[in-house]
Each structure stands twice: as structure tokens, then as C-alpha cells.
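Engineer: Chain H is fixed; fit chain R onto it per the hints.
Protein sequence lines, in the order shown, are assigned to chains H and R. In this text, residue positions in the first sequence follow the working numbering: the first is 1, and each later residue adds one. In this text, residue positions in the second sequence follow the working numbering: the first is 1, and each later residue adds one.
Take the hints with a grain of salt, since some may be wrong.
What the hints assert, rightly or not - Coverage of chain R stretches by chain H, computed from C-beta distances (three or more under 8 Å per stretch; other residues unrestricted):
#, stretch
1, 51-65
2, 70-82
3, 88-96
4, 101-109
Stated by the list, open to error - Straight-line Cα separation of at most 16 Å, EDC-like style, residue types lysine to aspartate or glutamate; simulated pairs:
#, chain 1, residue 1, chain 2, residue 2
5, R, LYS31, R, ASP11
6, R, LYS31, R, ASP69
7, R, LYS31, R, GLU216
8, R, LYS90, H, ASP178
9, H, LYS198, H, ASP180
10, R, LYS90, H, ASP180
11, R, LYS90, R, ASP172
12, R, LYS31, R, GLU67
13, H, LYS198, R, GLU108
What the hints assert, rightly or not - Here are some, though not all, of the chain H residues that point toward chain R, as calculated from beta-carbon distances under 7 Å:
#, residue
14, ASP180
15, LEU184
16, PRO202
No lab work stands behind these hints: they were computed from the structure. Quick reminder that beta carbons are idealized off the backbone N, C-alpha and C, glycines included.
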Amino acid sequence: MADSIAASSPDTAPIVAEDNPAAPPPPGRQEVRVSLLPVASLLVLVLILGLWQFLPTALHVPKYIIPQLSDLVREMGRMWQQENLLMHSVSTATMACLGFALGALLGAVFGYLLGLSPLWEKVLSPYILALQIAPKVAFAPLFIMWFGYNAWPKLIVTILVVFFPIMVNILQAMRTVDRDLINLARAYNMSGRQIFWKIRFPASIPSLMAGLRIGATLAVIGVTVGELMGGEIGLGFLITYGEGQANTAMVFDAIFVLTLIGIAMYWVVAAIETRALHYIPKAHH
Amino acid sequence: MSLAVPTLQLDGVTRRFPASNGKGVFTAIEKLSFSVRHGEFVSVVGPSGCGKSTILNLVAGLDHPSEGDVRLSGEIVTGPSSHVGFMLQKDLLLPWRTILHNVEFGLEARNFTPTMRRERAFRELRRCRLTEFADRYPYQLSGGQRQRAALARTLAIEPELVLLDEPFSALDAQTKLVLQRSFAQTIATSGVTTLLITHDLSEAVTMSDRILVMSERPGRIVEEIDVGLPDRENPMARQAMPRAHEIMAHLFNALHLDERIEA
Numbered sequence: 001m002a003d004s005i006a007a008s009s010p011d012t013a014p015i016v017a018e019d020n021p022a023a024p025p026p027p028g029r030q031e032v033r034v035s036l037l038p039v040a041s042l043l044v045l046v047l048i049l050g051l052w053q054f055l056p057t058a059l060h061v062p063k064y065i066i067p068q069l070s071d072l073v074r075e076m077g078r079m080w081q082q083e084n085l086l087m088h089s090v091s092t093a094t095m096a097c098l099g100f101a102l103g104a105l106l107g108a109v110f111g112y113l114l115g116l117s118p119l120w121e122k123v124l125s126p127y128i129l130a131l132q133i134a135p136k137v138a139f140a141p142l143f144i145m146w147f148g149y150n151a152w153p154k155l156i157v158t159i160l161v162v163f164f165p166i167m168v169n170i171l172q173a174m175r176t177v178d179r180d181l182i183n184l185a186r187a188y189n190m191s192g193r194q195i196f197w198k199i200r201f202p203a204s205i206p207s208l209m210a211g212l213r214i215g216a217t218l219a220v221i222g223v224t225v226g227e228l229m230g231g232e233i234g235l236g237f238l239i240t241y242g243e244g245q246a247n248t249a250m251v252f253d254a255i256f257v258l259t260l261i262g263i264a265m266y267w268v269v270a271a272i273e274t275r276a277l278h279y280i281p282k283a284h285h
Numbered sequence: 001m002s003l004a005v006p007t008l009q010l011d012g013v014t015r016r017f018p019a020s021n022g023k024g025v026f027t028a029i030e031k032l033s034f035s036v037r038h039g040e041f042v043s044v045v046g047p048s049g050c051g052k053s054t055i056l057n058l059v060a061g062l063d064h065p066s067e068g069d070v071r072l073s074g075e076i077v078t079g080p081s082s083h084v085g086f087m088l089q090k091d092l093l094l095p096w097r098t099i100l101h102n103v104e105f106g107l108e109a110r111n112f113t114p115t116m117r118r119e120r121a122f123r124e125l126r127r128c129r130l131t132e133f134a135d136r137y138p139y140q141l142s143g144g145q146r147q148r149a150a151l152a153r154t155l156a157i158e159p160e161l162v163l164l165d166e167p168f169s170a171l172d173a174q175t176k177l178v179l180q181r182s183f184a185q186t187i188a189t190s191g192v193t194t195l196l197i198t199h200d201l202s203e204a205v206t207m208s209d210r211i212l213v214m215s216e217r218p219g220r221i222v223e224e225i226d227v228g229l230p231d232r233e234n235p236m237a238r239q240a241m242p243r244a245h246e247i248m249a250h251l252f253n254a255l256h257l258d259e260r261i262e263a
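Bound conformation, chain H alone (with noise of 0.2 Å):
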């Protein structure tokens, strides 16, 4: 079975051509093919933003409907000037990382505590399973009534929406844990501690990646939810602002910016990813 993992993945490592001479895959048109693929996605983008410019006034699609491309600009110049766009970005991103942080600290303590002890989990599982598929950021209301209009609803909703992907990433990552791996520890008569330690925790961490990278996309989803609800900060304010005002260039481009929010969020999870996970050999794509 060992051989044959090896053996399906040829490109692991030239080492393994001693037990298995894998040969390399063909060059030729899928190299050439794969060379090109930055290229057209470039190509997608231009085209789409020249529909975007054009489209609108050739069909005489009114402004407040579909702005043009050159409105979206002109308008995140005027945000920047007089609506403190940085401000308001600062403010949705600082929320987003601490509550995504919070939240995965939170959600990666209770998934240990939880796979740990398998009768805790039974007891509780069917409320995780109910917590987990309650919509979260129907909550936010609520959190305004408990708290106000300050910043703890908003980190709230955002610390619920990354706990559970990644307390639950972490509790199946417990619970399929090697049993062989934990014999052997035992038979080395490692302690409770050490196996987690050594052996539990590690092999979590796959996991408890895929968990942070959904979590990092999650965040800036509960922080909008949270300024969209009240408030006088953040991206989120500023999209509702832009609505009462009629303005839809304003709202397509807090849109824009929150997206680039998240995007940078879930690269640097995925860059910690790629070097926590090193020694996992990268699948074909």
C-alpha cells in the first residue's frame, strides 16, 4: 500500500525512483497549455471590465443602477478624500483579524477539550450540531439589543462565525487520529500529555488549516453583517450610507474593498499553510 502511494505521485521526490522508476510525465502541449493559463485569466478580467465601462450606457442602464468602471474610480478617490475610506477599511479589518482570531483560539481549545473526551462530545453533539447549522449572523441583532452600538456585537458575531468550522474541523481530526499511532506511543510508554502532544496535535494540523482557511473568508462576512446592523464605522457602515444616499457606486466599492479584506486574509492563512504543511507531497493539479 505504501508502495503504491509512492508510485501514484512521481513527482515526490527523485529518491523514490530507486524503488520506483516513475516516469516523468510527457512535455509537450500540457505544459505549453498550463504556461498560458495566467495569461487568458488576465485576459477574462480585461474583458469583463470593458463590458463593465460600456455595457451599462450602450443598454442605457441609468447610473444608480450599474455605474461605469470610471464612476466606481472617480467615486473611491471621493471616498477616500471626504468619507475617510482608510478609517472605515482599518476599522473592518482590525475587527475581522481579532475576531477571526478570537474566534479560532476559541473554536481550536474546545475542539482538544472536546476530542479529548469523547463522552463530553457525545453529550453535547447534538447542540454543536444544532449551534453549527443556526444562521450565526442572525444573532447580531440580538447582540445590539445586549450591548449597543459599539464594537463588541460586531466581534461577536464574527468570533461565533469562525468558532465552529474550526471546532469541528478539529474534532473529526480527533477522532480519525491513527489508533495505531497512539499504540505505538503507548507501547513507548509515552503519557497522556506526551501522545497529544507528539502525536494528537500534529496530526490535527491539516485540519485545523482547512478550518482556519474557511474561517478566514467567514470573518469578514460577520464583521459586514455586524456594520450593516448599526453603527457609524466601518465598511459595512459605509455600504449602508451609500444605499440611503442612493449611491451605488459607494456600495459596489466597500464591496470591492471588503473582498481585498478577505483575500488578504485567507493568502496569509494559506502561506502559513503551505509552510506548516511542508511535508505533505503537493498533488498534481
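Structural biologist: Relative to the frame of chain H, chain R by itself:
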């Protein structure tokens, strides 16, 4: 340690499990008695489901007998001990550790300084001819190299007894032959007492001093064969000896392989 006391001794060992349907019990092994002398290489062969893995768990201290005693150098086994090293069909290398750190793994439960751990690990890597792979990760090694690394890890704790549970059965036929010779040499130079659990008759004959043949469940020892061949450190040479073929033919009959219809 006196050489008169066997390294491993099973005395009337029975192990019963609750049946999987919740009713009654099934007996995995029954009144099993055998011993392994210091430095000896003993194989246990038998049909699948004869309780070979139960023996492994009992000797490793991961499980307890329902009746009877398991003794290591005279002392009753009550739990996992640092005197037994075991190896399975799966190499059980930790994918996030380098080969060197994998070999050090078993030493981390002991009061070793990092320098002592490293020296011991390198000694075993040299013995298993893996020194140049010390800083590689398991995925960068072939199946055979990974099993050698697992043996290095097993020997690093200097066990009195090594348990091998079908360590070659996941490998292709050629890698298997090469690895059997490699293991035989390594075990011969380290002088460690070895219990090999296998279903491969030729493997049992070419590698061991003595073979225990088990019956179908509940597992009992139905025959004991003294191999009595030279060159224990070279299974390939033994493979060519006429007596090896006689023993294999005998085992084939003892296990009634020709009469069995279901695999």
C-alpha cells in the same frame, strides 16, 4: 540477566473478547504456551484470524490475557514496557518528522539528553543504512526504506524483544526479498530476540530459528518446527537449500492449505 530465563514466555494464555453482536464471547487464543530464548528468532504462522495480532498486543502490554501469564525475562507483563519494540505492516512513521526525529521518537519518553538521543538514532540509522536520509521526510522515501526506518526506530530503544507483525506484507515481491535480507542482517548484528508474526511460509522458514504453527480460531499451537538451517542472516541463501523446501512443503500440509476452498 540469566540466559536460562526465557526472554519471552507465555504460560496457558487465553484471551476472550465479547462477541461483536453483543451476545456471548469468542475466544481468540486458548491455552497458548511457548517461550522464546534470548537471541532467538521465532516465527508464528497460521491461517488468518488465528489470533496472531492478539499475541502481539498481549506481549506488547497493550492488552491483558483473560487467563494465564505473559512473562518478559521472568517478569509478568502488566502494561506497555520499554523492553518491547514492535513493528507493523504499516511503518507508522510520523509524516511531520524527519527520519532522524522519527527514529528518536521512542527515546523521547525516556530521560535522554537531546545529544544522547541523536547519537543513538544515528547509530541505528547507520545499522539500517539510512544515514543519508536522516533529514528527509517519510514521503520522500520508498516503501522499503520507510520500513527500514521503522526498524531503526524500533531498535533505538534497545528492546529485549522485537515484535514484527507482518512487516513485509505490504511490499512488492522484490523489495520484500531485499528487505528480508536487510532485516535479517540488522537483527543478527544487534543480537536482539525477535518474534515474527507472518502468514508467509517461506519468510518464516528463511528468517527464523524456530516456527510455531497455529490452528484456526481459537488459536492454539499445533506444531513446533526447529528450522536448523545455517545462514540466518541471509534468507536468500537459505531459500536455495533443499531442507528449506522440505519445511515449506511440510508447513503447507500442516496448515491444510490444499484442502481449503475459501480464502
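Engineer: Checking each numbered hint in turn, tell me which of them this model violates, lowest number first.
Structural biologist: none
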